[in-house]
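Line by line, the protein sequences give chains A and B. With the first letter of the first sequence counted as 1, position 298 gets the number 298 in my numbering; the numbers rise by one all the way through. With the first letter of the second sequence counted as 1, position 172 gets the number 172 in my numbering; the numbers rise by one all the way through.
No lab work stands behind these hints: they were computed from the structure.
DSBU-like cross-link-like pairs, simulated, lysine-lysine; straight-line CA separation at most 30 Å:
1) LYS36(A) with LYS3(B)
2) LYS120(A) with LYS116(B)
3) LYS274(A) with LYS212(A)
4) LYS97(A) with LYS231(B)
5) LYS136(A) with LYS247(B)
6) LYS296(A) with LYS271(A)
7) LYS215(A) with LYS137(A)
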Amino acid sequence: MSKIEINNIYKIFGNEPQSVLPMVQDGATKEEVLEKTGHTVGLDNVSIKIEEGETFVCMGLSGSGKSTLIRHINRLIDPTSGDIQVDGLNVMNCNPKELIDFRRHSISMVFQRFGLFPHKTVMQNVGYGLEVQGIKKDEINIRAMEKIEAVGLTGFEHQYPSQLSGGMQQRVGLARALATDADIMLMDEAFSALDPLIRSDMQKQLMDLQAKLKKTIVFITHDLDESLKLGDHIAILNAGKLVQVGTPVEIIMNPADDYVKAFVKDVNRTKVIKAKVIMTPSNQFKDKDKSNNRIKINEEQFLEEFLSKIVCSDTTVEVVDKKGDIKGYITNKELETSLIKS
Amino acid sequence: MKKNKKLYVNLGLLSFFIWLLIFSYNSSKRKPEHVSELLNDFSWLRQWPKWLDLPLMKYINIVFKKLNETYGWIFEAINNFLLWQLMTLKNFLILAPWPIVVLGVAAIAYFASGKKVGTTVFVGFCTFFIGFLHPVFWSKAIETTSIMLISIFLCITFGIPVGILMSRSERIRDKILPVLDLMQTIPAFVYLIPGIMLFGLGAVPAIIATFIYAVPPLVRLTDLGIRLVDKEVTEAADAFGADQKQKLFGVQLPLALPNIMQGINQATMMALAMVVIASMIGTRGLGDEVLLGLQQLNVGRAAEAGIAIVLLAIVLDRITQSYGERLQARNMPIKKEKK
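Go ahead and model the full structure; you've got the sequences and the hints to work with.
This is the structure we're talking about:
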């Protein structure tokens, strides 16, 4: 059982979505539906399974339905049809009270434009999730302070959000999402509004936190580099349809269609591909003794870390695992096929 | 099916109109002896005929009479309640020594403006000058202010909840907006009169009329203020599991408060205008002085009273406005710095 299961979700925006649903289910395109009925198809038969403890990235251009999708998981938006299971709980069957309970304890969210409460201090913002649960003020402050420290904002706890920079504001957003200790964290283009340097800072901070906390993170972005960096699995959406789901390497090496190809065209592959992915396994490697120039590389290392040592030379790379056993080899030939293939 | 429904409604309205025409004709006393006369003599096309007259007046009078007879006790109760409130407030302010009242107003300004000395001194002097213009004005201004404060109190207790309801549901909003338009477009005198019919002459119809006149901007701005709260912020409240009450009182209202204060400020100013007009139905106060000045062709007296009204308006405006500005600054400190 996956942590989050989304099954056959349809979302249609308009006055009478139910009446349009059969048409969409029969395979009408977004444009046809808009022209004939004036309804907008937000999501078209999307099913996704998200495992516990992973960072799952949903990617797509604006209007592809990714923000709509993430809002279905905590039911900020109700689907037109389909069901959503989180931890075995069918979210669609929740009554309002159960839904509030679910949002308070099991799931938290980080927003693109931060969604901070301008009239509350950093401390009150971070403690908001606990405040609505009715926890005592002293305890809220202790727990909020912990998270403020975790995101490195100590000393700012009595400031108002508007007194902080964008990056700091999003740290408050992150701390607020962490404060309720929910297993699942939804991040809606959380870093998109930040400038590039601060963004990569925040990405690193998120990865460090994730290494400790092992939460299930659903991350929305339109930036491929970001999704490759953070994602254990990536889902690519186009016009409300799911185009491809896979690990970063799968997406890069085997793009499912032209849309995904266009996305991955400009990616720096050496930052994504690990040695073990492109090596020729030792039992298939023929000219083992051709070159005397040999270096050892760990199978988990990215290409960019050892590329300079082998490119345009006849060095053979021995790819080894943790114990030091040789698993395979990389020569210029393997590099060529992996880097040029599109 | 929908088209049919619309057609039936239109047909119904048409037949109602025809019935109205026939009914008016039949109940008119000045109709011709016989209907056939209309076909022989076309002079009725030249001038609006006397018989083409909807007998609304008669029925409204009947309704009002009935209202007074059967539900008089309700109006009596409202009347007594408002009058009691008014008298308590007025007597308190009049009996208090005037220097204390001046200082009290200044103190309110001081705290409302977030301890700005300039505003405080200014408001204090304006208050002092009301009495300084003419000693009679002091108690008159207190009377005007009391009526106004009671009206504003009514506006807040009814206006803000209605505004909240409107912001929540498109349907309620569509129903209430035309009512608000009506309240603002009907000339004030028109609802002063039913006020007199139901409550008698004096302060209470003035309070009711002022309430009707001043409440629409407050309702509108409350609704607008709540709608203008950043969608992502309300979404955040939802996402963390705030229930309706927590969302309303913890997020929406505090963030809409600058707009609501603006609404209260608007309502206060409109209420002041109305209270002055209400002197025409015998409400005592500063407006009454203007009226006297005009009737006696005593320009000086009317002008003095006019200035006193302006001073009163400034005092009230400064207090409510500066409170709103302070709230605004609290919600968005950065914007204030940029100014």
